[in-house]
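Peer 1: Sequences listed follow chains A and B, in order.
Just so you know, the first sequence maps onto residues 1 to 288 in our numbering.
Just so you know, the second sequence maps onto residues 1 to 418 in our numbering.
It is worth saying that the hints were derived from the structure and are not from the lab.
None of these values were measured; they are calculated from a predicted model.
Any given hint could turn out to be false.
Stated by the list, open to error - Below, a list of computed lysine to aspartate or glutamate pairs in the EDC-like style, where the Cα atoms sit at most 16 Å apart: (1) B:K40 to A:E35; (2) A:K207 to B:E265; (3) B:K317 to B:E293.
Unchecked claim - So, partial list: chain B residues that the calculated Cβ filter (under 8 Å) puts toward chain A: (4) S10; (5) G42; (6) R47; (7) L175; (8) M263; (9) E265; (10) L268; (11) Q270; (12) T273; (13) H278; (14) M327; (15) G328.
As the list claims (entries may be wrong) - Now the in silico label distances, taken between C-beta atoms and shown as ranges: (16) B:P258 to A:E201: 37 to 45 Å; (17) A:V180 to B:K178: 29 to 37 Å; (18) A:D271 to B:A325: 33 to 41 Å; (19) B:H165 to A:E201: 29 to 37 Å.
C-beta: ideal position from N, C-alpha, C; glycine also.
Each chain, written out:
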Amino acid sequence: MMGRSIATKVAQAGLNVSLKELSQEALESTKRELEKSLDHEIARFGLTSSEKKAILSRIRLVTTFDAIGDADLAIETVQEDQALKRQILRELDRRLAPDHPIVINTSTLSITELAADASRPERILGMHFLYPVTTTRVVEVVRGQLTSDEVFERAIQFGRLLGKVPIKVFEMPGFVTTRVALPLVNEAMHVVMEGVAQAAEVDLALKLGYDFRVGPLEWADRTGLDRILTWMQHLHDETGEPRFRPCPLLRRLVRAGLLGAKTGRGFFTYDANRRRTDRLPDDQPGLG
Amino acid sequence: MKILVLNSGSSSVKYQVIETDLERMEEDRDLALAVGQVEKIGLSDSRLTLSVPGRPAYQDYREVLEHRAAIDWALRALVDPEHGVLAAVTDIEAVGHRVVHGGEEFASSVLMTPDVVAKIEACSVLAPLHNPANLRGYHAAFAALPKVPHVAVFDTAFHQTTPGHAYLYGIPFQLYTKHQIRRYGFHGTSHRYVSYRGCQALGWSRDDRRVITVHLGNGCSIAAIDHARSIDTSMGFTPLEGLLMGTRSGDMDPAIIPWLMAMEELTLHQVNTMLNKHSGLYGISGVSSDMREVLKARARGEQRADVAFRIFCYRVKKYIGAYAAAMGGVDAVFMTGGIGENSPDVREHSLNGLEFMGLELDAARNAATVGKEGEISTDGSRVKALVVPTNEEKTIARDVARVLGGVMPTFTPPESFS
Chain A
1 MMGRSIATKV AQAGLNVSLK ELSQEALEST KRELEKSLDH EIARFGLTSS
51 EKKAILSRIR LVTTFDAIGD ADLAIETVQE DQALKRQILR ELDRRLAPDH
101 PIVINTSTLS ITELAADASR PERILGMHFL YPVTTTRVVE VVRGQLTSDE
151 VFERAIQFGR LLGKVPIKVF EMPGFVTTRV ALPLVNEAMH VVMEGVAQAA
201 EVDLALKLGY DFRVGPLEWA DRTGLDRILT WMQHLHDETG EPRFRPCPLL
251 RRLVRAGLLG AKTGRGFFTY DANRRRTDRL PDDQPGLG
Chain B
1 MKILVLNSGS SSVKYQVIET DLERMEEDRD LALAVGQVEK IGLSDSRLTL
51 SVPGRPAYQD YREVLEHRAA IDWALRALVD PEHGVLAAVT DIEAVGHRVV
101 HGGEEFASSV LMTPDVVAKI EACSVLAPLH NPANLRGYHA AFAALPKVPH
151 VAVFDTAFHQ TTPGHAYLYG IPFQLYTKHQ IRRYGFHGTS HRYVSYRGCQ
201 ALGWSRDDRR VITVHLGNGC SIAAIDHARS IDTSMGFTPL EGLLMGTRSG
251 DMDPAIIPWL MAMEELTLHQ VNTMLNKHSG LYGISGVSSD MREVLKARAR
301 GEQRADVAFR IFCYRVKKYI GAYAAAMGGV DAVFMTGGIG ENSPDVREHS
351 LNGLEFMGLE LDAARNAATV GKEGEISTDG SRVKALVVPT NEEKTIARDV
401 ARVLGGVMPT FTPPESFS
């Protein structure tokens, strides 16, 4: 999902991009999802059909590393799994020209640690894209201990080329966005667990009170509660700070398989198109 | 003199070499020596085309990443012994640049000094998609041709003669002083040329006539030109206002925008693209933004294509009536642009029913005048209707010669509040 979203954004910026999937089957599904998400954006007037055609023509779907060839820059976007990410980095490290940057897309993992066994750790850095990559204006560009100035600067330029505002951060678990957002989300979950207010009202209070576009619990649902839990757990493990301890309610929902929008139920309920079905009357779109 | 005319967009550069000077333009002997463009700048398969009258068209592909490389490529093509038309780049004696927005700063074409370039840059806030691209073209051309004069010709300049009651919007006045929100109008070079050429064809002096020029292309606008001065035009702060266009909405109730943004939860980007790229002929017909396709669909009996066509023509007619009233009468209506020059259907539906104000369309003449200049009103028609093919590049080249010859007419806007 993240890879697809980044590839779309890169193609939208007029660059050619190869998108590597694990299998032919995954590739076919990605192809369908690409079409679907672009069609959705057309229906929302954000894109025209000729722009869609141009975007698709710049995305090449492949299943092997060899098919990528030498890219000017590579971005890995697999799940937050140390071992898996390392394996991908090794494959990319072997194939890309020595001075071409390799980007790790992660919200919480250590760039320095992941880069440790690369032949040239100075060309490895992090870029934390936020989903959906096509619309969020920000990207965190994360400097590992060994990342070179030149590679860091190139990644910032790349971010600008994608029309994003790059935020420069030094490596620390959670960087800026995740580190600040997760405790807020976690606290919202505590408020619900303690019975202070209902989930829908917690979200509404923050939406209306602080002009949040999406409430923290709906945001968590849309991100996937399992992913939120993984991030929280990782932040907690890395820092030992009690403020990052995942809320027990979050654990309970994940154990029950209520993972949010993708499973139809988390803090709220969603239809097959991931639209909320349980919005409060005060939470409807309107002129306010 | 040989003048290079450039129209630089964000990913393309259109170029022409035109031979003209004060004498030639007096005798209408301007000569287009070559016409071409470089497309897909920034991509690996950029394309250059070059057409020279009497020769087969030439094209070439290569990777061109920015405007400087694009203009170098065009210049090399122009001096190519086989395909080109110039012996050397130094044959080019001046460069004319189309610049979309001159704001309130520029009411006529000017020599591009560093000060002028800075002012054009300052106008970028009003045309964030166009002016920066126009300037990229200028900087690239200046790097290649630093010794010749460069002249800017603005889309907005001709409409700077409009009075305050036509250019101000009914919103708080401080928005005008703070953000320069007012009607600027576009296609000025086209309206100016067509009003001049149409009057010339009729043997009139433009200086004592009231004419309405109707530019119907992918973008559409209409202008009321009273004694050679634009007194009102349909495009406004941006090219979105006024007539229905290929993909632009034209006039609408502005309250629709916040309403839609709230109800559909659209972002600024989405609502902007909705109005500029999903609306107009395309949005209504669901067929195409191209009038030819809409006409075909209409002929097949498609209702939405028919209503798109009718909205299009109805608005043209409504504006003609309004501008005739604004000028206290009208002597001629000139139709131009891809649709205005080539679609008798559109002209017929837009101009029929105007007999009350003295315009009688001649059906046979209208049907026979496609892609060429000609009168389409009856001999007895008190208000003349003509098809006048536009030629913005020629006007730009002529302005270059006028500026360099010191005969570019200048004027002060009739009403300024700043």
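Peer 1: Going through the numbered hints above, which ones does this structure break? Give me the numbers in ascending order.
Peer 2: 1, 3, 4, 6, 7, 10, 14, 15, 16, 18 and 19
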